[in-house]
Amino acid sequence: MTAPLSQRLLGIASRRTREIATPEGVPLPVEIADLGERLVAFGIDSFLGSAVGIVLLLVVILAGASVGLGSVAVPVGLFAAFVGRNAYYLFFESKWHGSTPGKRALSLKVIDRRGIPLSLRAVVARNLMREIEIFFPLELISSHPAEQWTGSGWEALAIVLWLVLFVAFPLSNRDRMRAGDLVAGTIVVVLPRHMMLADLTRRARGFTFTDAQLAAYGVHELYLLEGLLRQPEGDQTLGLCKEVGLRICRKIDWPDPIPDDRMALFLADFYTAQRAHLEALQLVGRRRRNKYDTALAGD
Amino acid sequence: MGGLAPSTGLMKSQQFRCEREAGWQELETLLAKVETKGLRRLEASQLERLPLLYRSALSSLSVARSIALDRGLQLYLDNLGLRAFLQVYGPRSSIAAGLAFYLRYSLPQAVRSIAGPIAIATLAMLLGVFAGFWLTITDEGWFAAIVPAGLAAGRGARSSAADLAAVLATPLPATAATIHMVANALFTHNTVVGLLIFALGFLAGLPTLLLTVYQGLIFGAFLALHWDRGLTMAFMGWVSIHGVTEFLAILLCGGAGLVLGEAVVFPGRHGRIDSLSQRGQLAGQVAAGAVVLFCIAAILEGVARQAIQSTPLRFAVAALSAAAYLAYFVGAGRKGGR
Chain A
1 MTAPLSQRLL GIASRRTREI ATPEGVPLPV EIADLGERLV AFGIDSFLGS
51 AVGIVLLLVV ILAGASVGLG SVAVPVGLFA AFVGRNAYYL FFESKWHGST
101 PGKRALSLKV IDRRGIPLSL RAVVARNLMR EIEIFFPLEL ISSHPAEQWT
151 GSGWEALAIV LWLVLFVAFP LSNRDRMRAG DLVAGTIVVV LPRHMMLADL
201 TRRARGFTFT DAQLAAYGVH ELYLLEGLLR QPEGDQTLGL CKEVGLRICR
251 KIDWPDPIPD DRMALFLADF YTAQRAHLEA LQLVGRRRRN KYDTALAGD
Chain B
300 MGGLAPSTGL MKSQQFRCER EAGWQELETL LAKVETKGLR RLEASQLERL
350 PLLYRSALSS LSVARSIALD RGLQLYLDNL GLRAFLQVYG PRSSIAAGLA
400 FYLRYSLPQA VRSIAGPIAI ATLAMLLGVF AGFWLTITDE GWFAAIVPAG
450 LAAGRGARSS AADLAAVLAT PLPATAATIH MVANALFTHN TVVGLLIFAL
500 GFLAGLPTLL LTVYQGLIFG AFLALHWDRG LTMAFMGWVS IHGVTEFLAI
550 LLCGGAGLVL GEAVVFPGRH GRIDSLSQRG QLAGQVAAGA VVLFCIAAIL
600 EGVARQAIQS TPLRFAVAAL SAAAYLAYFV GAGRKGGR
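Protein chains in written order, with our numbering: chain A, 1 to 299; chain B, 300 to 637.
In isolation and in its complexed conformation, chain B is listed as follows (with noise of 0.2 Å):
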């Protein structure tokens, strides 16, 4: 066989490297200082230089891969191949731009691409409500057993009328006690709620489902509560303020985590992992803007409710927000983005 002698010349390899080495050693370079300072530090020629500096090393890499057994040689390339792969194809807008983008264009779209199991999240909620309401309106005791004791905060089966309209009433506090308000509205109750809702829906949406009606059970067991005692439209009046956000906001979690789930339990053509990794990243938009929602309820909860007393005035704010947010959900973003 009339193998290369070495003696007699250049391997086809060794030629290869000779030839590609200024390159790679450019790119190598030029990488050093975009992963240290970043893009913008580069001049516009050395920008140029980054893609097609980025192309000849990948066409290297192959070629290496065929000719050449230098194993060194194939590290080096795989690592300077990856490491030009992720600059080049980098996340290519900034955080603010891409927040505005994501307010304007993605969360409304995101929301309205998942309004089924919207749908459905609402539906279990409600079938909580009702649940809710029927049990504590036959039997009080069952108040206690549906309601914690740090939400129900002294209310329940034995309270009078009085007891509860002076809930609803209660006045604006000093600002240390509002904070505390708004911080315990955010992280006791509401946020975390939803995105145990949001996130547990990767278990085949069951806790998701059982977390949404439980939260209309609570509701429905106040509703009763004031029901009973004659106080509907100033408990509906004191919910509704913040209520109108905070609901929707849980019911967008459910949403999301029902997505979720549903990517586990029918993932389609792709397997389960791809398919919870595409639906996963529309269903974080939603869960996310819940979070949003979630930061708003708690302001309207731990300082408007308190700032204002009338309840036509506080059905005036929920009705307003309320109409905001169907603008918005509805509305926002139906050209462009994507």
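So here's chain A without its partners, still in its complex pose (with noise of 0.2 Å):
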């Protein structure tokens, strides 16, 4: 089987994972969100963050509107989106638990690297690390239009080198943290919601397994076997089923030949006897990890 078809099986995911303390001494498995849905997340929170600036800004027109605010839009703009960016990031990473629109609609969540609460002050010391990181060479541009711009080409250059440095940082560490979060020990993860999937053991209907036959595999082969078995019906799962069995069927020196209507059964039934046998075997302390595994094979 080759190696991407047997992830797809196992489900894995291709992003990072790292398990994180409970203090119920379980630890729990979080996969590391990447950082392109990240910057997507971070899109749709800027777009949403600067409304709120604007909103700000026109409140702050509104009440200045009989003396004239034209000359003085640029700092008055970058204090409105300053006070808004801030305020929306804080309201919903303290109120969602680490999360805001953003994050939520690619079920993202910033959490406690140590797996201790989220603190308002973590939140505080990620997001005054954003100014820097991202807003304020954006801000060095904004407020130098094109036409005023004083600064040499080399002073453009560094801040467009500040911008992808930061930017890129969280390649730079397994964690994906950016340098805000570092600063306030937090990683950001991807939380989808599981369904419960049916338990895919059924009594046998029609063939059992000598203990030697079930000795051919372990864990990793039965973990393959199950995602087999919760593929999609269709006609690439019935080829590949097919395919499976017939190299079980060799493996395990099966004598009679499985017509092709009753393959699904066999497998279904192989699934059930492999994994009552390797459970038994586990708990009694010998568990067999993969077809390699020699030191537990049998007795």
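Think of the hints as simulated: they come from the structure by calculation, not from any bench. Bear in mind that the values here come from a model prediction, so they are computed numbers and not experimental data. Cβ atoms here follow ideal geometry from the backbone N, Cα and C, with glycine treated the same way. Take the hints with a grain of salt, since some may be wrong.
List time: in silico DSS-like cross-link candidates among lysine-lysine, alpha-carbon distance up to 25 Å [stated by the list, open to error]:
no. : chain 1 : residue 1 : chain 2 : residue 2
1   : A       : Lys291    : A       : Lys251
2   : A       : Lys291    : A       : Lys242
3   : B       : Lys336    : A       : Lys291
4   : B       : Lys311    : A       : Lys95
5   : A       : Lys95     : B       : Lys332
Pairwise CB distance ranges, derived in the manner of DEER restraints [said to hold, decoys possible]:
no. : chain 1 : residue 1 : chain 2 : residue 2 : range
6   : B       : Ala452    : A       : Ser107    : 31 to 37 Å
7   : B       : Ser459    : A       : Ile61     : 38 to 44 Å
8   : A       : Gly285    : B       : Glu342    : 41 to 47 Å
9   : B       : Ile595    : A       : Ile159    : 28 to 34 Å
10  : A       : Leu165    : B       : Ser365    : 19 to 25 Å
11  : A       : Ala156    : B       : Ser361    : 53 to 59 Å
12  : A       : Arg289    : B       : Leu341    : 29 to 35 Å
13  : B       : Ala444    : A       : Ile61     : 36 to 42 Å
14  : B       : Lys332    : A       : Leu10     : 30 to 36 Å
15  : B       : Ala444    : A       : Ser107    : 52 to 58 Å
Combine both chains into one complex, guided by the hints.
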């Protein structure tokens, strides 16, 4: 079986994982969000956050309409944007437990690396750092309209370099932390909702296996078979089932050829028997990881 | 080997699943409600059940990991456990209560706990002031080299005493221009510079020190210019009315940046990343406090400085603000908190 297929059958995501410790002593695996997902969430949040800023700006303009604000638009706009986006992030990340509308759209969540509750101070720290990472260079550019740009080309290059460095910063560490995460001790994880899947074991319907036959495989192969049986029905799955079934037959020396229409039944029975066998082994402390794990094979 | 034949009865993992399934589903329903509508929507009885169900789901997870070879079930329980964990150990306090607590306890405590780095930042700034003063008093050509054109606003070696005095006595302009000045003070120099001083601390603290010295240099250069023209007292009054607040904010940012730098250079027993995150939250609290101070300074600079023209009165406001900050940062939050 090719590597991508086995990965698909095992449902392994391409994301990185890490474990966080719970106070109960049971480690929980979390999936680290990709840079791309975070950029999309950031895009959504920036849009909504600046909307808050624009509302603020309108309030200011309406309040000062009589005196005319034409000449002061840029600094006041920057101020409104600053207050708007920070209020936005602060409100949602603390109110929604580390989520914002943009993050929620992508099932992302900010959590503390150490597994303790996300504190207000961590939220403040990571958002203050964002000002310097992204908005400071953007404001340097926006507060100097192109025709009034007084800096040299080198300054422009430095600003762009600054942006690129900080945006790419998460790629430099395995937990994909940006500078703000580093300072606040937070990570951004993916938290999709998993459905409970049915148990695939069932009463045997015609096929029984001997212990010698069940000793051919280990847990890894059992998981692959489970993944195959959970695939949506279709021609591709049917073909795959047939191929896998024939291989199993060869491996365990199954005497009679199995007709195509009974193959799914055979696999389901084999899965049940194999799982019962391996679980019984595991109960007495002998976990057989895969088919190459000879140390524990049989008595 | 006497394996459990599936035809003779249920496997242990099936039995386990049958017994616990109802609890997981109850937890999942509760979580779905909490995740979309918040904890407050739960009834008291449900609120009581949540931690119980969470602990039982975690114990299920441990059992499943050791006895069940059902990968679908394990992934489901991993996910359910994590979702419940994040709700059960979610942040407790509301934003308003959190902010009140921050101002009452956390901020003064955080500032006191990094008094050492703040003192170092103060030394760095004083060094800058002396250097800027000395350079400019010996050769006023340095003024243009030190002070950016935007900040100098036409002042320089060629300014006469009358030119400088005119700036110091600028009256309160129209509302729009006042808003402009406040916003400009906030966003073209102060807050951004302050946050830079803080945030770049994580590059071993060097940019923090350099920027702090540089802020001192600028002030020293201005001081020398006015000293030479015999306007020292008027200038000090003009600066100090907002400068006390602003320099304090810069020093807080400097101290906070140095804390980040220290965590990176001397991580101590923990790794660099852990040490940075532990110290970083503390430093972030201080920097956030500095942002508040910058806002106050901007208002003083944009409004009060123009509204109050008398130098003694300007000094009085400065002394009053200094006393207030001293009382707050030294005295507040001594008891309680944490």
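Each hint tested on the structure:
Taking the CA atoms of Lys291(A) and Lys251(A), the gap is near 11 Å; set against the 25 Å cutoff, the hint holds. For the given pair, Lys291(A) sits about 20 Å from Lys242(A) by alpha-carbon distance, which is consistent with the 25 Å threshold. This hinted pair does not check out: Lys336(B) and Lys291(A) have alpha carbons roughly 48 Å apart, beyond 25 Å. About 42 Å separates the Cα atoms of Lys311(B) and Lys95(A), which puts this hinted pair outside 25 Å; it is violated.
Proximity of Lys95(A) to Lys332(B) is assessed by CA-CA distance (about 15 Å); at most 25 Å being required, the pair is judged to hold. Roughly 51 Å separates the CB atoms of Ala452(B) and Ser107(A), a value that falls outside the hinted 31 to 37 Å. Hint check: Ser459(B) to Ile61(A), Cβ distance near 39 Å, so the stated range 38 to 44 Å holds. Look at Gly285(A) against Glu342(B): about 44 Å separates their beta carbons, and that is inside 41 to 47 Å.
Between Ile595(B) and Ile159(A) the beta carbon distance is about 29 Å. The supplied range of 28 to 34 Å therefore holds. Under the hint 19 to 25 Å, the C-beta atoms of Leu165(A) and Ser365(B), about 46 Å apart, miss the expected range. Against the hinted window of 53 to 59 Å, the Cβ-Cβ separation of Ala156(A) and Ser361(B) comes to about 57 Å, which satisfies the hint. The beta-carbon spacing between Arg289(A) and Leu341(B), approximately 42 Å, falls outside the hinted interval of 29 to 35 Å.
Checked against the given bound of 36 to 42 Å, the beta carbons of Ala444(B) and Ile61(A), roughly 39 Å apart, stay inside it. Taken as a hint, the range 30 to 36 Å holds for the pair Lys332(B) and Leu10(A), whose Cβ atoms sit roughly 32 Å apart. The hinted range of 52 to 58 Å is satisfied by Ala444(B) and Ser107(A), whose Cβ atoms lie roughly 53 Å apart.
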